[in-house]
Structure formats: structure tokens, C-alpha cells
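Counting with UniProt numbering, you get residues 1 to 287 for the letters of the sequence shown.
To be clear, the hints were calculated from the coordinates, so they are not data collected in a lab.
Note that the structure is a prediction, hence the values are computed from the model and not measured.
Be aware that a few hints might be false.
Claimed, not checked - Straight line, CA to CA, 25 angstroms or less: simulated BS3-like cross-link-like pairs of lysine-lysine:
id	residue 1	residue 2
1	241	211
2	221	211
3	211	233
4	119	268
5	165	241
6	207	222
7	245	119
8	215	43
9	241	215
10	233	221
11	268	222
12	222	233
13	207	160
14	268	165
15	245	268
16	165	207
17	268	241
18	245	233
19	207	268
20	233	215
21	119	215
22	245	211
What the hints assert, rightly or not - Pairwise CB distance ranges, derived in the manner of DEER restraints:
id	residue 1	residue 2	range
23	264	158	17 to 25 angstroms
24	198	95	35 to 43 angstroms
25	31	214	50 to 58 angstroms
26	161	211	33 to 41 angstroms
27	36	206	52 to 60 angstroms
28	206	155	25 to 33 angstroms
29	190	279	38 to 46 angstroms
30	96	54	21 to 29 angstroms
Ideal Cβ placement from N, Cα and C applies to all residues, glycine included.
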Amino acid sequence: MRAILAVLITMVPCFILFRTTRAQLSVDYYSKTCPNVEDIVRKEMIQILSVAPSLAAPFLRMHFHDCFVRRKDAPPNGSLRGFGAIERVKEKLEAACPNTVSCADVLALMARDAVWLSKGPTWPVWLGRRDGRLSLAVETNELPPHQANLTQLIQIFAAKGLDLKDLVVLSGAHTIGTAYCSTISNRLYNYTGQNNLNDVDPFMDPKYIAKLRSKCSPTDKKTLLEMDPGSYKTFDNSYYKYVAKRRSAFHSDWALLTDSFTRAYVLKHADGFESEFFQDFAQSMIN
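Let's have the full structure, built from the sequences with the hints guiding it.
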């Protein structure tokens with residue numbers, strides 16, 4: 001999740017130099033200049049995800065990255081899937097409202113609709129962001145690494161004005177999507193770096209390790225694993241069930257069990273309370 005490199009999207013005009021603050025945003029920002037913006041985006045998203053439902057997670061991930069790196073001002077992210085779909089939606093908006101809607105706002109709306117169309121919650125999107133011209137490699141240090149411990153995660157989230165509850169709630173986004181074997185290889189092989197392929201992460205359920213090792217060889221860089229096995233295309237509370245059983249893919253997910261507050265949230269929502277999780281997630285996305 002950290003590989004952010006600058007690439008140009010040339011099909012549509014996406015890069016404007018202005019920066020935005022929350023005070024400049026509003027839910028009706030385009031009420032006069034592009035009143036149908038949300039309808040246009042949702043219509044396209046319904047068509048896109050009906051053909052490629054696996055794109056829901058990349059859309060959400062890109063928005064998440066942009067929130068951390070540019071505070072919701074979208075630079076292009078060369079490491080993530082879905083740029084063709086973003087260009088498609090932007091072209092529709094350009095036809096209806098030329099030079100009006102920023103790519104950052106398009107991505108925010110697409111991420112919201114991606115969650116909703118995956119049977120998750122919805123929320124009002126504050127609009128009026130301006131686009132960054134490029135994404136600086138140094139800014140990848142602001143992103144939460146998948147191998148982070150809880151202390152590191154707290155520091156990263158706090159730097160963006162997000163608290164411990166936001167951290168555990170937004171981690172629930174891992175209920176949809178996939179990850180490459182290479183992302184978790186160090187948990188399955190040579191965990192402590194002693195050149196021992198039988199050295200595994202002691203904090204992961206041994207049976208789950210065996211299952212993952214049957215799918216991922218030490219050098220596998222292509223195989224995709226479901227983040228939430230069995231329902232990785234559905235936004236639900238199953239993520240917390242896997243974390244509670246120590247069957248999460250990322251070390252940063254397991255780290256939620258190392259704090260009394262985040263652990264309590266995980267265990268509560270592993271047993272149900274999906275509607276509460278949905279409400280919390282929507283609020284944290286607004287935050």
C-alpha cells in the first residue's frame with residue numbers, strides 16, 4: 001500500500017495547483033456548476049462494478065491514500081488499479097460539466113459509491129477539493145505500512161487528525177479487496193530475518209499460516225489472496241472476525257489486538273453489531 005509514484009493521466013484534465021481546506025468544502029459545492037455530479041458518478045459506478053466488482057477495494061484504497069498523502073487532494077497513484085475507470089467517469093463529467101469537477105472529488109464520490117455498492121454504508125461527501133499536480137515519493141512515509149505496529153499506526157493517524165477509534169474503524173476497510181502473496185511473505189517465511197523458511201509469525205494462527213503457505217511460495221509475487229476470505233467483495237464486519245481469530249493478512253491488522261480499546265472494538269464487532277460498524281465507518285470517512 002505504500003508504493004506511490006507519479007504518473008500522468010493524459011485523457012482528462014485532472015491537475016490543478018490550488019489546495020483546499022475543510023472550510024472550503026461543502027456537500028452542495030457543485031449545486032450550480034454541476035448539479036448532477038453525484039448521479040453521473042453513481043450511474044457509472046453501477047455499470048463499472050457490475051462488470052468488475054473487484055475494483056471496489058482499489059477505489060477505496062486510492063481515496064484513502066489521497067486522504068493521507070494530500071489531505072484529500074488527488075495526485076495519481078501509479079501502483080493501484082482502476083485508473084481506466086476513473087478516466088471513464090471523469091470523461092462523463094467533462095461532457096456534462098467541462099473543467100468543473102476535480103479528480104479528487106471524483107475519487108471521493110467513487111470510493112463512497114464503491115462501498116455502498118458492495119453492500120456497505122453510505123455517507124455525505126464534502127466536495128470542492130482541488131487536485132495536486134504530482135505525488136512526491138517522500139510523502140509515502142505518511143502512509144500506514146502494512147507491517148506497522150500499533151504505536152506507529154497511532155502516530156500516523158494522529159498526524160492526520162484521526163483518533164484511535166478512527167484507526168480501528170477505518171482498518172475495517174480491509175473487509176474488501178485482495179493482497180499479493182509478496183505483501184505478507186515475511187509473515188509466512190523467514191519472519192525474523194534469520195534465513196529460515198520455517199520461521200513464521202508467532203502472532204498468526206498456525207492453521208491459517210499453513211493455509212496461506214499452501215497458496216504462496218516464498219518467491220510468489222503474483223498470487224492474490226482474499227483479505228476477507230469468502231466475502232472479499234462484500235463490505236461487512238467479517239474482517240473483525242478474522243482479526244479476532246488472528247487470521248488477518250497484515251501485521252497492522254493483528255496490531256489492533258495489542259491495545260485494550262482497539263481489541264475491545266474488534267471483539268465486539270466480530271460478534272455482530274454490523275450496523276454500528278457501518279455508522280462508525282461512515283463518520284470516520286467524513287472525518
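Results of checking the hints against the structure:
no.	hint	result
1	241 <-> 211	holds (17 angstroms)
2	221 <-> 211	holds (17 angstroms)
3	211 <-> 233	holds (20 angstroms)
4	119 <-> 268	holds (20 angstroms)
5	165 <-> 241	holds (18 angstroms)
6	207 <-> 222	holds (23 angstroms)
7	245 <-> 119	holds (24 angstroms)
8	215 <-> 43	violated (37 angstroms)
9	241 <-> 215	holds (21 angstroms)
10	233 <-> 221	holds (22 angstroms)
11	268 <-> 222	violated (35 angstroms)
12	222 <-> 233	holds (19 angstroms)
13	207 <-> 160	violated (37 angstroms)
14	268 <-> 165	holds (13 angstroms)
15	245 <-> 268	holds (13 angstroms)
16	165 <-> 207	violated (30 angstroms)
17	268 <-> 241	holds (9 angstroms)
18	245 <-> 233	holds (20 angstroms)
19	207 <-> 268	holds (23 angstroms)
20	233 <-> 215	holds (20 angstroms)
21	119 <-> 215	violated (28 angstroms)
22	245 <-> 211	holds (14 angstroms)
23	264 <-> 158: 17 to 25 angstroms	holds (20 angstroms)
24	198 <-> 95: 35 to 43 angstroms	violated (58 angstroms)
25	31 <-> 214: 50 to 58 angstroms	holds (54 angstroms)
26	161 <-> 211: 33 to 41 angstroms	holds (38 angstroms)
27	36 <-> 206: 52 to 60 angstroms	holds (54 angstroms)
28	206 <-> 155: 25 to 33 angstroms	holds (31 angstroms)
29	190 <-> 279: 38 to 46 angstroms	holds (42 angstroms)
30	96 <-> 54: 21 to 29 angstroms	holds (28 angstroms)
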